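With the hints as constraints, model all of the structure from the sequences given.
Protein chains: 2
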Amino acid sequence: MSSKKLKRKDRLERLKKEIQENPFITDEELSELFNVSIQTIRLDRLYLNIPELRERIRNVAKINYKKVRTIGEAEIIGELIDIELNKKGISILETDSSMVFKKTKIVRGHYIFAMAESLAMAVIDADVALTGVANIKYRVPVLSGQKLIAKAEVTRVRGNNYFVHVKITVKDEQVFRGKFILVSI
Amino acid sequence: MSSKKLKRKDRLERLKKEIQENPFITDEELSELFNVSIQTIRLDRLYLNIPELRERIRNVAKINYKKVRTIGEAEIIGELIDIELNKKGISILETDSSMVFKKTKIVRGHYIFAMAESLAMAVIDADVALTGVANIKYRVPVLSGQKLIAKAEVTRVRGNNYFVHVKITVKDEQVFRGKFILVSI
Chain A
1 MSSKKLKRKD RLERLKKEIQ ENPFITDEEL SELFNVSIQT IRLDRLYLNI
51 PELRERIRNV AKINYKKVRT IGEAEIIGEL IDIELNKKGI SILETDSSMV
101 FKKTKIVRGH YIFAMAESLA MAVIDADVAL TGVANIKYRV PVLSGQKLIA
151 KAEVTRVRGN NYFVHVKITV KDEQVFRGKF ILVSI
Chain B
1 MSSKKLKRKD RLERLKKEIQ ENPFITDEEL SELFNVSIQT IRLDRLYLNI
51 PELRERIRNV AKINYKKVRT IGEAEIIGEL IDIELNKKGI SILETDSSMV
101 FKKTKIVRGH YIFAMAESLA MAVIDADVAL TGVANIKYRV PVLSGQKLIA
151 KAEVTRVRGN NYFVHVKITV KDEQVFRGKF ILVSI
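Order-wise, the sequence lines are chains A and B.
The opening residue of the first sequence carries number 1 in the numbering used here; numbering runs sequentially from there.
The opening residue of the second sequence carries number 1 in the numbering used here; numbering runs sequentially from there.
It should be emphasised that the hints constitute simulated quantities derived from the structure, not laboratory data.
Keep in mind that a hint or two might mislead.
It does not matter which identical chain is meant; a pair holds if it fits inside one copy or across any two.
[Stated by the list, open to error] In silico PhoX-like links for lysine-lysine, alpha-carbon gap of 20 Å or less:
no. : residue 1 : residue 2
1   : K66       : K103
2   : K67       : K87
3   : K17       : K103
4   : K151      : K17
5   : K179      : K137
None of the values given here were measured: they were computed from a predicted structure.
Now the structure itself:
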């Protein structure tokens, strides 16, 4: 029993550390990592007073929205979990069945585009910006329920032109990439 | 009085012809063309039994949706007013205030993108298609209330790749153009 306790204590510490390093890890991923049930992970989080993933995302997003100048919070498709104006930004979008083509159950391209475009816009340090040009590539079809992570990087600012690269992944696999030129007006 | 009657008769004939040649002309445009009030145009249409623009668009669209293979009617952003599979297609979208950025009242880019992408998809003669690559350019900001006309042209079919160009105009001014490569699966 003491060994079991020690094991739990050990797990709790590692769990805490893991979530600190990777705040957007899911309970499912944690359960695989520690080889315990999802229920156990939930109890561990409860004990450690760590909120569930959706709550953690929302808490982080709330702070980040305040930094955005170009567009309103509700205009960003996905939750903004990291932002450094004119440098980079990260957003998360959980896809669902409302976003798919009926026939194929594949997420419609314009949702993914909207996620990328709105993140590109959010990351710009300007009052008002519009998309001028976009060059995009869909690499892998996205299925309903998959969690998209978009990372934007401002690669160049020239006058009122902002060059932004956005990559979207599902579990480390790139599903989309876009190059945007935004114009501040 | 007889001359007045003749004038009206003349106008009615020209009006009928005008709408036949350009079925998507608005009452406002007709009123400018014939230098009479919009009310007069409405009465003329009533007399000639020609439905209002929205109705005319819907009637034409209904027939066109049946020809589309790749996607469902509700999945096309805009009304499909002309389609010839693997050749070309035209759609109309009346923008409204729900589509704009709060700050600028400019229509959000992804609505325009969605209009173009869904038309590109509709025009393909395949059961299932996905967007692979898109290269797009926004030329002029679109304001709420403006009527968008998208014209798609299939420029090349190579194996299961379909090359589609889409141009979107507001009153003959190009506001957007996109080049898409769609992949049938």
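(request) Could you figure out if K67 and K87 sit no more than 20 Å apart (CA to CA) within one copy, between two copies, both or neither? (result) within (13 Å within a copy, 47 Å between copies)
(request) Could you figure out if K151 and K17 sit no more than 20 Å apart (CA to CA) within one copy, between two copies, both or neither? (result) neither (23 Å within a copy, 55 Å between copies)
(request) Classify it for me, K66 with K103: is the Cα-Cα distance of at most 20 Å met within a copy, between copies, both or neither? (result) The answer is between: 15 Å across copies meets 20 Å, while 39 Å in one copy does not.
(message) Within, between, both or neither: how does the pair K179, K137 come out at a Cα-Cα threshold of 20 Å?
(response) Classified as both: same-chain Cα gap 9 Å, cross-chain 12 Å, threshold 20 Å.
(message) Reference check for the pair K17 and K103, CA-CA at most 20 Å: within, between, both, or neither?
(response) Close neither inside one copy (43 Å) nor across copies (41 Å); limit 20 Å.
Checked against the numbered hints given earlier, this structure breaks hints 3, 4; the rest are met.
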